[in-house]
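A.B. asks: Heads up: the sequence lines are chains E and X, in that order.
Counted from 1, the first sequence has number 132 at position 132 by our numbering; the numbering is strictly sequential.
Counted from 1, the second sequence has number 73 at position 73 by our numbering; the numbering is strictly sequential.
There could be a bad hint or two in this list.
Stretches of chain E that chain X covers, calculated by requiring three or more beta carbons in the stretch to come under 8 angstroms of a beta carbon on chain X [as the list claims (entries may be wrong)]:
| id | region |
| --- | --- |
| 1 | 6-16 |
| 2 | 76-88 |
| 3 | 93-105 |
| 4 | 120-129 |
Since the hints were made in silico from the structure, they are not lab data.
Just so you know, these numbers come straight off a predicted model, no measurement behind them.
Each residue gets a CB set at the ideal place from its N, CA and C atoms; glycine is no exception.
Protein chains: 2
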Amino acid sequence: MSDHFVTHVTFTIRRTTPASPAQVFAAFADPRVKLQWQSSPDTLAVDDAEGYLEFDFRVGGHERFGFSMPNGPTFSYDAEYFDIVLDQRIVYRYTMHADGKPDSISLVTIEFVQTAAGTTLTYTEQGAFLDGIDDPALREEGTTDLLDNLVRYLSSYTPTSSS
Amino acid sequence: MSDHFVTHVTFTIRRTTPASPAQVFAAFADPRVKLQWQSSPDTLAVDDAEGYLEFDFRVGGHERFGFSMPNGPTFSYDAEYFDIVLDQRIVYRYTMHADGKPDSISLVTIEFVQTAAGTTLTYTEQGAFLDGIDDPALREEGTTDLLDNLVRYLSSYTPTSSS
Chain E
1 MSDHFVTHVT FTIRRTTPAS PAQVFAAFAD PRVKLQWQSS PDTLAVDDAE GYLEFDFRVG
61 GHERFGFSMP NGPTFSYDAE YFDIVLDQRI VYRYTMHADG KPDSISLVTI EFVQTAAGTT
121 LTYTEQGAFL DGIDDPALRE EGTTDLLDNL VRYLSSYTPT SSS
Chain X
1 MSDHFVTHVT FTIRRTTPAS PAQVFAAFAD PRVKLQWQSS PDTLAVDDAE GYLEFDFRVG
61 GHERFGFSMP NGPTFSYDAE YFDIVLDQRI VYRYTMHADG KPDSISLVTI EFVQTAAGTT
121 LTYTEQGAFL DGIDDPALRE EGTTDLLDNL VRYLSSYTPT SSS
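Please build the complete structure, drawing on both the sequences and the hints.
C.D. replies: Have a look at this one:
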């Protein structure tokens with residue numbers, strides 16, 4: 001009857017790193033650090049000197065950037081921070097548009113817990129995907145790749161490692 | 001180690017009503033209609049003539065109101081619409097603050113499907129609840145009560161019924 005439908009998903013990704021909670025937190029809070037592991041030469045169109053259209057890491061602030069896939073649509077990412085607890089937690093929603101069409105909206109909770117070995121990071125995304133434009137399985141896969149980038153980045157960043 | 005924790009929940013509520021999709025959609029889109037079933041004399045503090053601090057039903061627009069429970073905190077509700085398909089779908093995020101503290105953030109998808117008997121409404125909420133301030137089970141219960149209010153309101157609104 002309608003080509004409109006919504007797919008609801010929740011996925012959780014947990015990683016450990018020898019870095020401290022403050023170092024892992026900074027990898028999300030500081031745009032220069034974030035670009036080190038978040039950017040991909042294949043996909044991220046650098047919008048300005050820092051690669052972001054906007055990077056305002058505070059409650060109510062936005063992070064925005066655009067990127068395109070080879071032979072694919074141009075995506076616009078827009079996050080708005082809801083809650084930030086220094087070195088412990090970041091909660092935000094983000095929306096994706098594909099060639100200007102609403103693609104998905106997600107809630108993300110990132111929790112940082114100090115352990116004897118360093119930090120355990122838990123990333124939880126709750127998403128609503130509209131009309132089959134984007135594939136939730138690919139979103140989870142891409143997010144997993146990004147967090148593995150982060151773990152690699154942090155392992156070179158800190159000289160001591162016990163994980 | 002920390003009193004910070006997040007509870008992630010998803011719940012779905014489905015109701016049928018003899019009203020048409022356009023009538024059910026209007027019950028969310030028109031503030032005068034919405035107040036007929038959404039308000040509760042026990043809880044809703046009427047902020048202005050229409051009971052809303054803001055009611056801007058369009059993509060990117062906000063709906064805001066405040067209310068308090070007897071001997072409880074004062075809650076601030078702030079929704080932002082992400083996607084609206086006339087008579088078919090509404091997608092938004094909403095945040096709750098309790099006495100100014102971040103309480104929860106949720107994604108809501110409301111889908112309206114025409115059936116022989118009228119309309120099937122499917123409400124899906126994906127929520128992240130912070131630090132135990134609010135109880136997800138009470139949220140689901142309260143939302144169920146509201147949608148039952150809506151069904152009652154719509155049953156008196158439309159003279160014909162076959163459900």
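A.B. asks: Now tell me, hint by hint, if it's right for this structure.
C.D. replies: Taking the hints in turn, this is what the structure says about them:
As drawn, the region 6-16 of chain E meets chain X at 3 residues by the rule of a beta-carbon pair under 8 angstroms; at three or more, the given contact holds. Given a C-beta distance limit of less than 8 angstroms, the hint that chain X covers the region 76-88 of chain E holds, as 4 residues qualify and 3 suffice. Counting residues of the region 93-105 of chain E whose beta carbon lies closer than 8 angstroms to any beta carbon of chain X gives 4, which reaches the threshold of three, so the coverage claim holds. Here the region 120-129 of chain E counts 4 residues with a CB under 8 angstroms from a CB of chain X, which clears the bar of 3, and the coverage holds.
In summary, this structure violates none of the numbered hints.
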